[in-house]
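On the provided structure of chain W, position chain Z as indicated by the hints.
There are 2 protein chains.
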Amino acid sequence: MDQTIQTLLNHRSIRRFENTPLTEEQIEILVKCAQSASTSSFIQAYSIIGVKDREKKEALAELAGNQSYVANNGHFFIFCADLYRHHLIGEREGIKVEESLESTEKFMVAVIDASLAAQNLCIAAESMGLGICYIGGLRNNLPEVNKLLRAPSLVLPLFGVSVGYPAQNPEKKPRLPFSQIYHENEYRQDEDVSYNSLEEYNEILSSYYKDRTNGVRSDKWTSQMAQMLSQPQRMYMKEFIENKNFGKR
Amino acid sequence: MDQTIQTLLNHRSIRRFENTPLTEEQIEILVKCAQSASTSSFIQAYSIIGVKDREKKEALAELAGNQSYVANNGHFFIFCADLYRHHLIGEREGIKVEESLESTEKFMVAVIDASLAAQNLCIAAESMGLGICYIGGLRNNLPEVNKLLRAPSLVLPLFGVSVGYPAQNPEKKPRLPFSQIYHENEYRQDEDVSYNSLEEYNEILSSYYKDRTNGVRSDKWTSQMAQMLSQPQRMYMKEFIENKNFGKR
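In the order they appear, the protein sequences are chains W and Z. Positions 1 to 249 (full-length UniProt numbering) are the ones given, in order, by the first sequence. Positions 1 to 249 (full-length UniProt numbering) are the ones given, in order, by the second sequence.
Among the clues, some could well be false.
Any copy will do: because identical chains look the same in the list, a pair fits if it lies in one copy or spans two.
As the list claims (entries may be wrong) - Capping the alpha-carbon separation at 27 Å, the derived lysine-lysine pairs in DSSO-like fashion look like this: (1) Lys32 to Lys220; (2) Lys220 to Lys96; (3) Lys210 to Lys238; (4) Lys147 to Lys173; (5) Lys238 to Lys248; (6) Lys220 to Lys173; (7) Lys32 to Lys173; (8) Lys32 to Lys96; (9) Lys210 to Lys32; (10) Lys96 to Lys238; (11) Lys56 to Lys220; (12) Lys210 to Lys220; (13) Lys52 to Lys96; (14) Lys56 to Lys238; (15) Lys52 to Lys173; (16) Lys172 to Lys96; (17) Lys32 to Lys57; (18) Lys173 to Lys210; (19) Lys210 to Lys248.
The set of hints was computed from the structure by calculation and includes no laboratory data. Here the structure is a predicted model, which is why all the values come from computation and not from measurement.
Only chain W is shown next, with the shape it has when bound in the complex (with noise of 0.2 Å):
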């Protein structure tokens, strides 16, 4: 099996960093990686923000809900839809783009921009030896990190990620079945089937979680899912983003 792969496969989330800074041309290697990834119509709707300062780290770290991994680690980026530098294009030359630019599709298109970049970023991190953790933690207080980073209308911060070395090695964690994620020439609706494949892999993961901490967890997924979605969290979000101008219409 290929390296690349290899390092694919071995994806897992790092939260504990050692105490090293990256070199600029680690962070010019990682971001040219995220550059090279497709984007669509070659409109390169996003951007990064890479962020140094100490106290500005820390911040972030409370906001994203006192992630200390935010503030600890080798670097911290942060991936924005961004519409901005194509709304000054059509100002500068007098054509009228806002009603793309406010679109549900051109949030779409800068949503999947910057994820694909971001991917990019973090598998070019993880063949150099480094660790990743991306923080949807951010999206907690979109309206303080957004103030933090004094990003304009049509910049939107989606997600930071925490890189660098790695200081603990996690197991890694088992993914839904194939069958779930997979579905050939059209998407299979069996209910009863699909549940059943989810109690599987109920009993995979729970045994997963069992091992891993002496018999002290053993959560299912499901229950995982029913628990966490309950509690609908960061309903604000249609309202700020409508404030920063995407999908509007």
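Then chain Z, alone, in the frame of chain W:
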């Protein structure tokens, strides 16, 4: 430079493939690599539909704007945002999850999850010597694509990925300047500096097109973008995704 970084930096989209289908083993390893990507709070909110059926592939190629490489490739994958199995869990476990599932936050989570998985699949494919092309054109007509794939409520096809043995060797398209994409500590907003750097990029892209087309094309990036964005596309999207119960609140 390691093999993975080389693969990432060498990416180019392939739009002509040999007539060699992927093997089941190849499909399986690609999907497993996709599944190894990070996922928000372990929610795994996506599905992949692999289309083999010849008629279906041709219908999709037409819907995507007569892109022949949607039908002619080694395999065609469609990535979907998927919260349907979470809906099923809520139903079976008697827990109210609809408010969560219909939130803009969870719509973003599902789009990001699907995109990270897709990018893993693409990189795995490229490391195996295969070529890939993202097919956002599926969003030209999602209602029809949706019907063809029998995607239920809370399953939203986002884009396709054509994979196969490359039958062309295009050049790599130069990306935006590093300084456009990467910001330190906060988002820079000097419009003049930013627009000047876009004009420098115009020169680079212009000579790229000139070299490739013996002078026939010499597009500037800013003009390409202004032109594209002056014509709003896929404006049915907001209503369509809300009808699929995504991003309603």
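Here is how each hint holds up against the structure:
no.	hint	result
1	Lys32 to Lys220	between (40 Å within a copy, 21 Å between copies)
2	Lys220 to Lys96	between (51 Å within a copy, 18 Å between copies)
3	Lys210 to Lys238	neither (38 Å within a copy, 44 Å between copies)
4	Lys147 to Lys173	neither (35 Å within a copy, 34 Å between copies)
5	Lys238 to Lys248	both (9 Å within a copy, 8 Å between copies)
6	Lys220 to Lys173	within (13 Å within a copy, 46 Å between copies)
7	Lys32 to Lys173	between (29 Å within a copy, 13 Å between copies)
8	Lys32 to Lys96	neither (31 Å within a copy, 44 Å between copies)
9	Lys210 to Lys32	between (41 Å within a copy, 24 Å between copies)
10	Lys96 to Lys238	both (25 Å within a copy, 20 Å between copies)
11	Lys56 to Lys220	neither (37 Å within a copy, 37 Å between copies)
12	Lys210 to Lys220	within (11 Å within a copy, 58 Å between copies)
13	Lys52 to Lys96	neither (37 Å within a copy, 42 Å between copies)
14	Lys56 to Lys238	within (26 Å within a copy, 35 Å between copies)
15	Lys52 to Lys173	neither (30 Å within a copy, 30 Å between copies)
16	Lys172 to Lys96	neither (49 Å within a copy, 30 Å between copies)
17	Lys32 to Lys57	within (23 Å within a copy, 34 Å between copies)
18	Lys173 to Lys210	within (12 Å within a copy, 49 Å between copies)
19	Lys210 to Lys248	neither (46 Å within a copy, 38 Å between copies)
The structure shown violates the earlier hints numbered 3, 4, 8, 11, 13, 15, 16, 19.
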